[in-house]
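J.: For reference, the chains in residue letters:
There are 2 protein chains.
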Amino acid sequence: MKKFINPPRNNWKKLIARPIISSQEIKSVLEEIFQTVKKNGDMALKKYTKKFDQVNLGDIFVKHKEITNSKNLISNRLKEAINIAKLNIEVFHKAQKIKPINVTTSIGVNCWQEKRPIEKIGLYIPGGTAPLFSTILMLAIPAKIAGCKEIVLCTPPNREGKIPPVVLYTANLCGITKIYKVGGIQAIAALTFGTETIPRVYKIFGPGNQYVTAAKQFATFHNVAIDMPAGPSELLIAADDSAIPSYIASDLLSQAEHGPDSQVILVTTNLDLIDFVIDEIKKQINLLPRREIMKQAIANSRMIYFDSNQNAVEFINAYAPEHYMICMKNEEYYLREIENAGSVFIGNYSPESAGDYASGTNHILPTNGYAKQYSGLNIDSFLKQMSFQKISVKGIKNIGPAIEVMASAEGLDAHKNAVSLRLNDLKNE
Amino acid sequence: MKKFINPPRNNWKKLIARPIISSQEIKSVLEEIFQTVKKNGDMALKKYTKKFDQVNLGDIFVKHKEITNSKNLISNRLKEAINIAKLNIEVFHKAQKIKPINVTTSIGVNCWQEKRPIEKIGLYIPGGTAPLFSTILMLAIPAKIAGCKEIVLCTPPNREGKIPPVVLYTANLCGITKIYKVGGIQAIAALTFGTETIPRVYKIFGPGNQYVTAAKQFATFHNVAIDMPAGPSELLIAADDSAIPSYIASDLLSQAEHGPDSQVILVTTNLDLIDFVIDEIKKQINLLPRREIMKQAIANSRMIYFDSNQNAVEFINAYAPEHYMICMKNEEYYLREIENAGSVFIGNYSPESAGDYASGTNHILPTNGYAKQYSGLNIDSFLKQMSFQKISVKGIKNIGPAIEVMASAEGLDAHKNAVSLRLNDLKNE
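If you read the protein sequences in the order shown, they are chains A and B. Count along the first sequence from 1, add 1454, and you get the number used in this note's numbering. Count along the second sequence from 1, add 1454, and you get the number used in this note's numbering.
Chain A on its own, in the form it takes in the complex (with noise of 0.2 Å):
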């Protein structure tokens, strides 16, 4: 743990930097597996998961048998968590769909907007340790209300063959059964490049190791869009004496836990804080099954005082954390002033365990700083914007002369001539 107290601006750059991940040796991997998986389609899908996952693969499609048979392999518990979940985020991404927009612009001139669900599109769940089933939630619920037609799943098998039960579950009780037993960068070039089994999509959505994250932005230099560019996930607190200190250390522990690159920041304006939360730390750590992984996470974690309000929120801003908590007396300011940031934890009762799971609101947000510039996942995510327009006769011959003057100042006299031609027509209208 690194104390820092009213670091200096100049020095801000140092403590906003993320853990720098290098794609360079990745690229050409990247390239060999992305040319293979399009001209070989399945046959290099098998080929790389026996390599990177060591399993002989039979069938990549997992069978509807497997999938309604995984009801029975879960606990009624699990299954009456998740289904809280799913009702409290259906409820939040519900609540996100507005309906078109419509105006007139002018006197004739009718333009709307509206949004259609994007067609095809491409959900990843990572493999590895745990089963992230959360995520299947976070991705297929908004898809679904978004209306996308073709949704699909790629999850790498674990070192049976198999897709983990629960993941199973919850993508059948989100209405997903298109399941592929594919992970790593050759699920991603599937999406991008179809395969004999493996539909291609549109966009690409979730989260994934570096491998994967490269592999979707890979993906963009082949017309698929993907949701965001995803780094480590990090959480930032900022307490003052109205915090509880053990809560504090039981979230930053939670935050540590992801991995030894996790991020874990507390900003405070009361000193005495800093060591209350340290003690608690040092408390907790011991009893967690994942210590060493939050060991290594805590080691670099930067506990930060400021003297002013001002200053740590300016802070927080330059930092733009995935995860925002506040357990602040004036939590106004704090909220108001937040220009950067994923998803916002409010007062003591508000663990970031309850965005990840089952408040409501997604947890696939932006990391690395792009909260900047990126939204997290939401409805919008799953649909697209199209404008449209009608213009009645009286409209083009309201706004047709300004076009033709606008029209030929850019030299675009084909543009002019679209309109004139009209307006010429209506001359004795």
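Take every hint as true, because none was put in to throw you off.
Under the rule of at most 25 Å between Cα atoms (straight-line distance), these lysine-lysine pairs were calculated in the BS3-like manner:
#, chain 1, residue 1, chain 2, residue 2
1, B, K1737, B, K1456
2, A, K1632, A, K1505
3, B, K1553, A, K1598
4, B, K1848, A, K1783
5, B, K1548, A, K1844
6, B, K1603, B, K1574
7, B, K1553, A, K1553
Covered by chain A, per the in silico footprint, the following chain B stretches (three or more residues, Cβ under 8 Å):
#, stretch
8, 1669-1680
9, 1782-1796
10, 1806-1820
Partial list, computed: chain B residues near chain A (C-beta under 8 Å):
#, residue
11, F1799
12, N1832
13, Q1839
14, N1871
15, L1875
For the record, the hints were derived by calculation from the structure and aren't laboratory data. Given the structure is predicted, the values throughout are model-derived calculations rather than measurements. All C-beta atoms in this analysis are idealised placements derived from N, C-alpha and C, irrespective of residue type, glycine included.
Position chain B against the provided structure of chain A, taking the given hints into account.
T.: The following block gives chain B in isolation, referenced to the frame of chain A:
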């Protein structure tokens, strides 16, 4: 002009293909220019401006006097036209601003979503034969409505080292006064890293040639977001015998004058219309100044007859046009069924020129089939969505147990612990 009658589906892939843009050879140039601008700042900008624009730049920054003086160099007619366009664009984009969304997802769990402006943005305006002041309206007006704090504009100087007065006038009218005489890859690199003169921004907007487009995509690897990948402009018209052939021809020609690689497509359910339109194109084209450019684009144009509305619409959705014009008796069907299009123009008096300049819709739109997954520019392009949650004691008691179960099932015990600690404290409340 190429005619196709009921083309079979296996032929569609060819018919929806765009001209291929190779970005391979640009890559090494990109890396060099980005690295040099990062290292040498303004000095590098001057070096590349001399090399690519053949101009010895004195000041990079356009002086205040030059900006305010521009209003004396523009005709009143043009000023009035720009003003009409500005008002319409403002009405349409202001209507897109929505209030925060606030819901109680479960008892005691309050979640909301707010959109806040991206603080620092860069606008790119291409140079070239004509001053594209209309694009400034399309970028600067929504940026101002969104509330972006720092808006800077880069545009290449002409051979005299100057920016056209109408560009300066329009920028100033929209409240943009940080204008830099830099174009091409070096401008994008400057906006990405910042130099002594040009501030670094979080998101870069605006069209450009293939070098600028490649540079924008390259910038996304350096913590900058971009509006969208851009390609040559396109128009697809769906028309039947209710369309007026001379209007259709004029609209196809207006699209064709953008460049030899512009895409121009007519989809019709009336076979005769094709020849009527071809005759009209032949009549009109020779009267227009940019006929040599248009002839090349028209030579590659496609005139496609379908005997069913359903096939026609499915083809249009497969093509995903940037601009989509509907001159059909059953326009309702073509409107309802369109899934992928940037901006839609309905009826005989809604030429594409109207949307390019003055109807109020935005003219920065997804090309190259990207209408399948990208929105045209709109107010949301300048905002990012943040989510908030405030959970009460009652709220955490309500959803806490579900969070514990889910965190535990994902093997994230520190996540669980953050909730358990709180629930334990609240046992007797």
